[in-house]
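Q: For reference, the chains in residue letters:
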Amino acid sequence: MLKVSGLSKHFGDNEVLKQINLEVKRREVVAIIGPSGSGKSTLLRCLNLLETPDAGHIEIDGFEVDARRLKKSDAYALRQKSAMVFQHYNLFKNKTALQNVIEALIVTKKMNKPDAEVLGHKLLDQVGLASKASSYPAMLSGGQQQRVAIARALAVNPAVILLDEPTSALDPELVGEVLQVIRSIVDTDTTMLIVTHEMSFAREIADRVIFMADGSIIEEGDPQSLFGQPQQERTKKFLGTVFSKN
Amino acid sequence: MNFDTAFIFEAIPKLLKYLPMTLMLAVGSMLLACLMGIVLALIINNKIFILSPVAKVYISFFRSVPTLVTLFIFYVGIPQIFPDFTFIDAITATIVALSFKNAAYLAEEFRGALNAVDSGQMEACLSVGMTKWQGFRRVILPQAMRVAVPSLGNYLIMLVKESSLAFTVGVTDIFAQTKILASNSFRFLESYIAVALIYWAVTIVLTMLQGKLEKAMSKPYR
Ligand SMILES: Nc1ncnc2c1ncn2[C@@H]1O[C@H](COP(=O)(O)OP(=O)(O)OP(=O)(O)O)[C@@H](O)[C@H]1O
Ligand SMILES: [Mg+2]
Numbered sequence: 001m002l003k004v005s006g007l008s009k010h011f012g013d014n015e016v017l018k019q020i021n022l023e024v025k026r027r028e029v030v031a032i033i034g035p036s037g038s039g040k041s042t043l044l045r046c047l048n049l050l051e052t053p054d055a056g057h058i059e060i061d062g063f064e065v066d067a068r069r070l071k072k073s074d075a076y077a078l079r080q081k082s083a084m085v086f087q088h089y090n091l092f093k094n095k096t097a098l099q100n101v102i103e104a105l106i107v108t109k110k111m112n113k114p115d116a117e118v119l120g121h122k123l124l125d126q127v128g129l130a131s132k133a134s135s136y137p138a139m140l141s142g143g144q145q146q147r148v149a150i151a152r153a154l155a156v157n158p159a160v161i162l163l164d165e166p167t168s169a170l171d172p173e174l175v176g177e178v179l180q181v182i183r184s185i186v187d188t189d190t191t192m193l194i195v196t197h198e199m200s201f202a203r204e205i206a207d208r209v210i211f212m213a214d215g216s217i218i219e220e221g222d223p224q225s226l227f228g229q230p231q232q233e234r235t236k237k238f239l240g241t242v243f244s245k246n
Numbered sequence: 001m002n003f004d005t006a007f008i009f010e011a012i013p014k015l016l017k018y019l020p021m022t023l024m025l026a027v028g029s030m031l032l033a034c035l036m037g038i039v040l041a042l043i044i045n046n047k048i049f050i051l052s053p054v055a056k057v058y059i060s061f062f063r064s065v066p067t068l069v070t071l072f073i074f075y076v077g078i079p080q081i082f083p084d085f086t087f088i089d090a091i092t093a094t095i096v097a098l099s100f101k102n103a104a105y106l107a108e109e110f111r112g113a114l115n116a117v118d119s120g121q122m123e124a125c126l127s128v129g130m131t132k133w134q135g136f137r138r139v140i141l142p143q144a145m146r147v148a149v150p151s152l153g154n155y156l157i158m159l160v161k162e163s164s165l166a167f168t169v170g171v172t173d174i175f176a177q178t179k180i181l182a183s184n185s186f187r188f189l190e191s192y193i194a195v196a197l198i199y200w201a202v203t204i205v206l207t208m209l210q211g212k213l214e215k216a217m218s219k220p221y222r
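Protein chains in written order, with UniProt numbering: chain A, 1 to 246; chain B, 1 to 222.
Check the hints yourself; a few may be wrong.
Lysine-lysine pairs mimicking DSS-like chemistry, simulated, CA-CA at most 27 angstroms apart [stated by the list, open to error]: (1) A:LYS109 x A:LYS72; (2) A:LYS71 x A:LYS109; (3) B:LYS47 x A:LYS72; (4) A:LYS122 x A:LYS110; (5) A:LYS71 x B:LYS47; (6) B:LYS215 x A:LYS132; (7) A:LYS110 x A:LYS95; (8) A:LYS71 x A:LYS236; (9) B:LYS161 x A:LYS122; (10) A:LYS113 x B:LYS219; (11) A:LYS3 x B:LYS132; (12) A:LYS25 x A:LYS113; (13) B:LYS47 x A:LYS113; (14) B:LYS17 x A:LYS132; (15) A:LYS236 x A:LYS18; (16) A:LYS95 x B:LYS215; (17) A:LYS95 x B:LYS212; (18) A:LYS132 x A:LYS95; (19) B:LYS132 x A:LYS71; (20) A:LYS3 x A:LYS18; (21) B:LYS212 x B:LYS132; (22) A:LYS71 x A:LYS18; (23) B:LYS219 x A:LYS95; (24) A:LYS95 x A:LYS113; (25) B:LYS132 x A:LYS72; (26) A:LYS132 x B:LYS14; (27) B:LYS161 x B:LYS14; (28) B:LYS132 x A:LYS110; (29) B:LYS17 x B:LYS161; (30) B:LYS132 x A:LYS109; (31) A:LYS95 x B:LYS132.
Now the stretches of chain B that chain A is said to cover, found in silico as 3 or more residues with beta-carbon under 8 angstroms [said to hold, decoys possible]: (32) 98 to 108; (33) 136 to 149; (34) 210 to 222.
These are calculated hints, taken from the structure and not from any lab test. Yeah, the Cβ is synthetic: ideal placement off N, Cα and C, and Gly gets one too.
Full structure from sequences and hints, please.
A: Structure below.
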């Protein structure tokens, strides 16, 4: 369903992604973990072309692009296949919660407003924010904003949702409500790629965990084996430091 | 003392008939200048090849030349090379000249306002499949406008006053009419006080409207 091959990206002389190969099956939930600066965000951002990769092929839901021959129209077409949840929510600040959710439906999917609003209310209800439809982002807590952002991502009915540390900008007491919403969409068989520092959450929801370091995928496997019996030294060291902190 | 207070009050309603012309010049120039200013700001912010240095030269030039000189270039100068350019009447020439000059200043305002919008906003637009243009129009520009409105209001107020230069090319705006009234009645002081009071009142009203607009536009952000 999602297939990445030979994906490379550098910033200046910093090789951030080195020939990444990755496959995600439909309905699979894949968690990406790894030390800061290992290229996790860059990988996600290459998948929807917020960053332009230097080389590599990206295929999502039957649509493939070659990074070396990237046309503008291909970039827009590929982005139709995914949606992203950002660390800092990035809700449209000039729009209400409901408008945030339905904006893309109206602008890109050409849905008429009443239909879009019905769907928008349903999605806000799904993330527990039915009563906040007419609130602007500035009036919402971080946790509420992130839940609206999740509803906004769901609205475009993406083949895959990319989540980049969706809880790491939140106050500790707000993390739970957002994880709960993510759990609930895992249950709807949505395909997800989630970068997270919440190890126990990754262990709980992921079908597969990928450990990245220095721009490469070092090791991957189901949560039990990757957290239980990591094979690579880098993985052991990383998990060691993470769990000794907690 | 020869000062006729009553004359002022008689003059004001006569002069007010020409206020629409003054406001038309100011608002027309403001709209065109905003449009041009936004385009210039986008060209410079996005470092568009060739156009970007051209925009910078444009800004430098029109900031340096007196408005009156710009006006005469358009009204008297250009028809000299293009004799067919007769469609540029005095009103159009005034609006164009005021727009070209103010666009140079507004470009800087818009550049700042656009830069004040977090880059994550455009990324969010793209991530849900919107085009850059859709994102710009529906998310970035409205947020930038809110930042720009306080200074835009000041430019409009300056334009109301600057539009009085139109009398030099024969447009009968409120100031030109005041000159006529003054020389016909020999009540110079009274006439000019009357028009000064009108400009003052217009500025007070515009300032009030600006405050209301600012308040309405900042509602989502509190
Ligand atoms: N726009 C950019 N310009 C230059 N360098 C960048 C840019 N974005 C990321 N980098 C660099 O690329 C490397 C990988 O960054 P990335 O954000 O992908 O890491 P990460 O794994 O997401 O880290 P974190 O856990 O801190 O979020 C880092 O060295 C970072 O400094
Ligand atoms: Mg990151």
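Q: The structure should be examined with respect to each hint, and the outcome stated for every one.
A: Checked hints:
Pair hint A:LYS109 plus A:LYS72 holds up; C-alpha atoms about 18 angstroms apart against a cutoff of 27 angstroms. About 21 angstroms separates the Cα atoms of A:LYS71 and A:LYS109, which keeps this hinted pair within 27 angstroms; it holds. Restraint check for B:LYS47 and A:LYS72: the C-alpha separation of about 19 angstroms stays at or below 27 angstroms, so the hint holds. The straight-line distance between the Cα atoms of A:LYS122 and A:LYS110 is roughly 19 angstroms, inside the 27 angstroms bound, and the hint therefore holds.
In summary, the hint linking A:LYS71 to B:LYS47 is supported, as the alpha carbons are separated by about 21 angstroms, within the 27 angstroms threshold. Taking the CA atoms of B:LYS215 and A:LYS132, the gap is near 22 angstroms; set against the 27 angstroms cutoff, the hint holds. With a C-alpha separation of about 18 angstroms, the suggested pair A:LYS110 and A:LYS95 falls inside the 27 angstroms cut-off, and the hint holds. Taking the CA atoms of A:LYS71 and A:LYS236, the gap is near 41 angstroms; set against the 27 angstroms cutoff, the hint is violated.
The straight-line distance between the Cα atoms of B:LYS161 and A:LYS122 is roughly 53 angstroms, outside the 27 angstroms bound, and the hint therefore fails. The suggested pairing of A:LYS113 with B:LYS219 holds, with an alpha-carbon distance near 23 angstroms, which does not exceed 27 angstroms. Taken as a hint, the A:LYS3 and B:LYS132 pair is honoured in the structure, with Cα atoms around 26 angstroms apart against an allowance of 27 angstroms. Pair hint A:LYS25 plus A:LYS113 does not hold up; C-alpha atoms about 33 angstroms apart against a cutoff of 27 angstroms.
Proximity of B:LYS47 to A:LYS113 is assessed by CA-CA distance (about 37 angstroms); at most 27 angstroms being required, the pair is judged violated. Annotation: proposed proximity of B:LYS17 to A:LYS132 is violated, straight-line Cα distance about 50 angstroms (limit 27 angstroms). Restraint check: the Cα-Cα separation between A:LYS236 and A:LYS18 comes to about 21 angstroms, which is no more than 27 angstroms; the hinted pair holds. This hinted pair checks out: A:LYS95 and B:LYS215 have alpha carbons roughly 16 angstroms apart, not beyond 27 angstroms.
Our distance criterion of 27 angstroms between C-alpha atoms is met by A:LYS95 and B:LYS212, whose separation comes to about 20 angstroms. Our distance criterion of 27 angstroms between C-alpha atoms is met by A:LYS132 and A:LYS95, whose separation comes to about 12 angstroms. About 14 angstroms separates the Cα atoms of B:LYS132 and A:LYS71, which keeps this hinted pair within 27 angstroms; it holds. Only pairs whose Cα atoms come within 27 angstroms are accepted, and A:LYS3 paired with A:LYS18 is accepted, the gap being roughly 16 angstroms.
About 31 angstroms separates the Cα atoms of B:LYS212 and B:LYS132, which puts this hinted pair outside 27 angstroms; it is violated. Between A:LYS71 and A:LYS18 the CA atoms are separated by roughly 23 angstroms; this keeps the pair inside 27 angstroms, and the hint holds. Proposed proximity of B:LYS219 and A:LYS95 is supported: the alpha carbons are some 11 angstroms apart, at most 27 angstroms. Distance check on the hinted pair: A:LYS95 and A:LYS113 sit about 15 angstroms apart at the alpha-carbon level, within 27 angstroms; holds.
Distance hint between B:LYS132 and A:LYS72 is fulfilled; the C-alpha atoms sit about 11 angstroms from each other, no more than 27 angstroms. As the CA atoms of A:LYS132 and B:LYS14 are separated by approximately 54 angstroms, the hinted pair breaks the 27 angstroms bound. For the hint pairing B:LYS161 with B:LYS14, the CA-to-CA distance comes to about 19 angstroms; that is within 27 angstroms, so the pair holds. Restraint check for B:LYS132 and A:LYS110: the C-alpha separation of about 17 angstroms stays at or below 27 angstroms, so the hint holds.
Straight-line distance between C-alpha atoms of B:LYS17 and B:LYS161 comes to about 17 angstroms, which keeps the hinted pair within the 27 angstroms bound. Proximity of B:LYS132 to A:LYS109 is assessed by CA-CA distance (about 16 angstroms); at most 27 angstroms being required, the pair is judged to hold. Simply put, A:LYS95 and B:LYS132 have alpha-carbon atoms about 18 angstroms apart, close enough for the 27 angstroms limit, and the pair holds. Coverage of a stretch by a chain is defined here by at least three residues with a beta carbon nearer than 8 angstroms to that chain's beta carbons; for the segment 98 to 108 of chain B and chain A the count is 0, and the condition is violated.
Counting residues of the segment 136 to 149 of chain B whose CB falls under 8 angstroms from any CB of chain A gives 5; the rule of at least 3 is met. Only residues whose beta carbon comes within less than 8 angstroms of a beta carbon in chain A count, and the segment 210 to 222 of chain B has 4; three or more means the coverage holds.
Checked against the numbered hints given earlier, the structure breaks hints 8, 9, 12, 13, 14, 21, 26, 32 and satisfies all the rest.
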